[in-house]
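K.L.:
Read off the chains here:
Number of protein chains: 2
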Amino acid sequence: MTKNDFMKQAANAAMENMKTQGGPFGAVIVKDNKIIATGSNRVVPNNDPTAHAEIQAIRAAAAKLGTFDLSDCDVYTSCEPCPMCLGAIYWAKVKNVYYANTRYDAAEIGFDDNFIYEELEKPMDKRSINFIKLDSTEATESFEIWKKTENKKEY
Amino acid sequence: MTKNDFMKQAANAAMENMKTQGGPFGAVIVKDNKIIATGSNRVVPNNDPTAHAEIQAIRAAAAKLGTFDLSDCDVYTSCEPCPMCLGAIYWAKVKNVYYANTRYDAAEIGFDDNFIYEELEKPMDKRSINFIKLDSTEATESFEIWKKTENKKEY
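Just so you know, the protein sequences line up as chains Z and G, in that order.
Just so we're aligned, residue 1 is where the first sequence starts under my numbering, counting upward by one.
Just so we're aligned, residue 1 is where the second sequence starts under my numbering, counting upward by one.
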């Protein structure tokens, strides 16, 4: 299969998804030139604000491969990842991300992707959600314990 | 309970989590002055790169309340959210986010939070993961169909 074929599968997942109250977003994860997982936006039907196509596909691929490290995988997504999905892509350490529609296209049909990108770049006190630092000796201690822990699995 | 009590619960979740191969991160979701969900970082034990404390807590709270909209909730997290969790927080539309440790503290004990923030601010062609635009008529069409769909649930 070609890159365009994989993208077509991601876009088809978006199309199919709308038939069952999902949003117009689909993604596939490709390893060794094969699709190993598919995801689509299930926020509304699943009552899960994190159920974006890329998150769903990454979770499914990681479960299938039995590892949180997808560094030998590519993501094909019908739309440029939002900041949440971009973060997930970095944590999963995928190799390449192919996308079709952009964050601006998504904004035009009513999704907040670009707004969230703009919020992220603002200092905390200028954001629309309040971010308040609240010191905690227990939280500090948890990091100190982690630092001292031997044989921990880093990622 | 006071704000400091809620933060203590989030930090305690981080502490407890390390006993079962989890990372030093915990979060609680508070509604009407009550904890309605708790999450901790289960990336390694669950083989799920998206299983950060805030994502876990948001998913649990949304499932419990039966809605993807957590606009009447606050998040208490033992560490400043990474970009993935920050995105999830915006999608869930929570009111306030209280955090203890910072992204720089997290970087110091080996977590990539700050690195990912830096990557997000770079233009796509300067990032460590390749982002490649691949046009798709099907992806374009999926957005056009969405635009024309009536009675869709927007969020």
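Everything labelled a hint here was simulated from the structure, so no lab data went into it.
A couple of the hints might just be wrong.
Treat identical chains as interchangeable: a pair holds within one or across any two.
Only pairs whose alpha carbons sit at most 30 Å apart, straight line, appear in this in silico DSS-like list of lysine-lysine [what the hints assert, rightly or not]: (1) 122 to 133; (2) 95 to 147; (3) 148 to 31; (4) 3 to 19; (5) 31 to 95; (6) 122 to 153; (7) 31 to 133; (8) 148 to 122; (9) 122 to 19; (10) 126 to 19; (11) 122 to 93; (12) 64 to 19; (13) 95 to 122; (14) 34 to 148; (15) 122 to 3; (16) 95 to 133; (17) 153 to 95; (18) 148 to 64.
K.L.:
So, for every hint listed, does it hold in this structure?
P.N.:
Each hint tested on the structure:
In the homo-oligomer, the alpha carbons of residue 122 and residue 133 lie at most 30 Å apart both inside one protomer (16 Å) and across protomers (26 Å), since each shortest distance falls under that limit. Taking CA atoms no more than 30 Å apart as the test, residue 95 paired with residue 147 passes inside one copy only; the shortest distance there is 29 Å, against 32 Å between copies. Taking the shortest alpha-carbon separations for residue 148 and residue 31, neither the intra-copy value of 36 Å nor the inter-copy value of 35 Å comes in at or below 30 Å. Taking the shortest Cα distances, residue 3 and residue 19 sit within 30 Å of each other inside one copy (25 Å), while across copies they are farther apart (43 Å).
For the homomeric pair residue 31 and residue 95, the shortest alpha-carbon distance inside one copy (10 Å) is at most 30 Å, but the shortest distance between copies (39 Å) is not. Taking the closest pair of Cα atoms, residue 122 and residue 153 come within 30 Å of each other only across two copies (29 Å); inside a single copy the shortest separation is 33 Å, beyond that limit. For a Cα distance limit of 30 Å, the shortest separation of residue 31 from residue 133 across copies, 19 Å, qualifies, whereas the shortest one inside one copy, 41 Å, does not. In the homo-oligomer, the alpha carbons of residue 148 and residue 122 never lie at most 30 Å apart, since the shortest distance is 34 Å inside one protomer and 34 Å across protomers.
For a Cα distance limit of 30 Å, the shortest separation of residue 122 from residue 19 qualifies neither inside one copy, at 37 Å, nor across copies, at 36 Å. In this assembly of identical chains, residue 126 and residue 19 lie within 30 Å of each other by CA distance neither inside one copy nor across copies; the values are 39 Å within and 38 Å between. In the homo-oligomer, the alpha carbons of residue 122 and residue 93 lie at most 30 Å apart both inside one protomer (26 Å) and across protomers (17 Å), since each shortest distance falls under that limit. Taking the closest pair of Cα atoms, residue 64 and residue 19 come within 30 Å of each other both inside a single copy (26 Å) and across two copies (26 Å).
In the homo-oligomer, the alpha carbons of residue 95 and residue 122 lie at most 30 Å apart both inside one protomer (28 Å) and across protomers (17 Å), since each shortest distance falls under that limit. In the homo-oligomer, the alpha carbons of residue 34 and residue 148 never lie at most 30 Å apart, since the shortest distance is 41 Å inside one protomer and 33 Å across protomers. Only between protomers do residue 122 and residue 3 lie at most 30 Å apart by alpha-carbon distance; the minimum there is 25 Å, versus 36 Å within a single protomer. For a Cα distance limit of 30 Å, the shortest separation of residue 95 from residue 133 across copies, 15 Å, qualifies, whereas the shortest one inside one copy, 35 Å, does not.
Proximity of residue 153 to residue 95 under the C-alpha cut-off of 30 Å is restricted to the intra-copy arrangement: shortest distance 21 Å within a copy versus 34 Å between copies. For the identical chains of this complex, residue 148 and residue 64 are neighbours neither inside a copy (32 Å) nor across copies (36 Å), given an alpha-carbon limit of 30 Å.
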